[in-house]
Amino acid sequence: MHMTEPIAEDASSGVTPYVPPPPVGPRIRIATLSLQDPFRWLTRGLSDFRAYPGIALFYGLCFWAMAATLTAVFRFKPEYTMSIVSGCLLIGPFMAMGLYDVSRRREQGLVPSLGHSITCWDQRIKTLGMLLLVLLVLELLWGRASLVVFAVFFNTGMPSSSGVLEAVFNPQNWEFVVVYMAVGGVFAVLVFSFCVISMPMILDRDTDAISAAITSFRVVFGNTLVMLLWGFLIVVLLVTSMLPWGLGIVLTGPLLGHASWHAYRASVLWDDPPEPTGPAPAPVAEAG
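FYI, the numbering used here numbers position 18 of the sequence shown as 18, with every residue one higher than the one before it.
Simulated from the structure, these hints should not be mistaken for lab results.
Any given hint could turn out to be false.
[As the list claims (entries may be wrong)] So the derived label-pair ranges between C-beta atoms look like this:
hint : residue 1 : residue 2 : range
1    : Arg29     : Leu225    : 13 to 23 angstroms
2    : Gln172    : Lys126    : 29 to 39 angstroms
3    : Leu133    : Thr240    : 47 to 57 angstroms
4    : Thr32     : Gly185    : 35 to 45 angstroms
5    : Ala68     : Ser113    : 39 to 49 angstroms
6    : Val236    : Ala68     : 15 to 25 angstroms
7    : Arg29     : Ala151    : 38 to 48 angstroms
8    : Phe232    : Ser47     : 18 to 28 angstroms
9    : Ser47     : Thr69     : 39 to 49 angstroms
10   : Gly115    : Ser47     : 14 to 24 angstroms
11   : Ser113    : Val179    : 10 to 20 angstroms
12   : Leu269    : Ala151    : 42 to 52 angstroms
13   : Ser113    : Trp174    : 45 to 55 angstroms
14   : Leu147    : Ile30     : 34 to 44 angstroms
Don't be surprised by glycine CBs; every beta carbon is placed ideally from N, CA and C.
Input sequences plus hints: build the corresponding full structure.
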């Protein structure tokens, strides 16, 4: 016998239409930021640094090792400089999670420790792995685009490190400088928009990678001028900290890590559901 599916009745038949229940989880609101906020984040990050300088200096030395690697690559393989830069941008946020953990625990009134900061990501490895995969794709595309720009403008062979500096400061090569900076700028904005909020958000709420990335983009495009200022301050501090011998990164790296946590806390507001009140419902007796 052929069975036909029942036809749903509409509201005119007296049947109450289905209304989905409201979400029970916390809801996200993107805060409206001001141009003074990035400086407040740096001030609060400095407070975290001073509270636990030993932990901060440990991560600062790790950042310095990354900077030393970048310098060595620029000297001997300048065509891979942008690839290493993107690799540092890939690894840096994961290292900074230890600094986020210190700021988070201090905010909660807990005592941070180096051991806990190093392993704070172990319960979120799947989410971070997904985020790492996307960032790795961006890193590979960035590196490939950098090599293509070099190949187009230096078709006689890749220049040495001194040749790169000469090319950058030579007015006759302004097309190369413009194209190289434009390509690098596009990928830098993508990586920044993808990571600026997502990493601390995953640590704080253990959200999925997609939600964290979307929230990060919402913050950037909802407060474009403020986040551009924040990115500019990050670049200025990192560039100035590279002199002399990159030792300044030992201080500025942890400072920016702590400040990034406060950037997340100021940018993303959580509307947590209210706690249930009143007596608990009586259990339903089973039939039989």
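To see whether the hints hold, each was checked on the structure:
{"no.": "1", "hint": "Arg29 with Leu225: 13 to 23 angstroms", "result": "holds (19 angstroms)"}
{"no.": "2", "hint": "Gln172 with Lys126: 29 to 39 angstroms", "result": "violated (51 angstroms)"}
{"no.": "3", "hint": "Leu133 with Thr240: 47 to 57 angstroms", "result": "violated (33 angstroms)"}
{"no.": "4", "hint": "Thr32 with Gly185: 35 to 45 angstroms", "result": "violated (26 angstroms)"}
{"no.": "5", "hint": "Ala68 with Ser113: 39 to 49 angstroms", "result": "violated (27 angstroms)"}
{"no.": "6", "hint": "Val236 with Ala68: 15 to 25 angstroms", "result": "holds (21 angstroms)"}
{"no.": "7", "hint": "Arg29 with Ala151: 38 to 48 angstroms", "result": "holds (47 angstroms)"}
{"no.": "8", "hint": "Phe232 with Ser47: 18 to 28 angstroms", "result": "holds (22 angstroms)"}
{"no.": "9", "hint": "Ser47 with Thr69: 39 to 49 angstroms", "result": "violated (30 angstroms)"}
{"no.": "10", "hint": "Gly115 with Ser47: 14 to 24 angstroms", "result": "holds (22 angstroms)"}
{"no.": "11", "hint": "Ser113 with Val179: 10 to 20 angstroms", "result": "violated (47 angstroms)"}
{"no.": "12", "hint": "Leu269 with Ala151: 42 to 52 angstroms", "result": "holds (47 angstroms)"}
{"no.": "13", "hint": "Ser113 with Trp174: 45 to 55 angstroms", "result": "holds (52 angstroms)"}
{"no.": "14", "hint": "Leu147 with Ile30: 34 to 44 angstroms", "result": "holds (37 angstroms)"}
In summary, the numbered hints that this structure violates are 2, 3, 4, 5, 9, 11.
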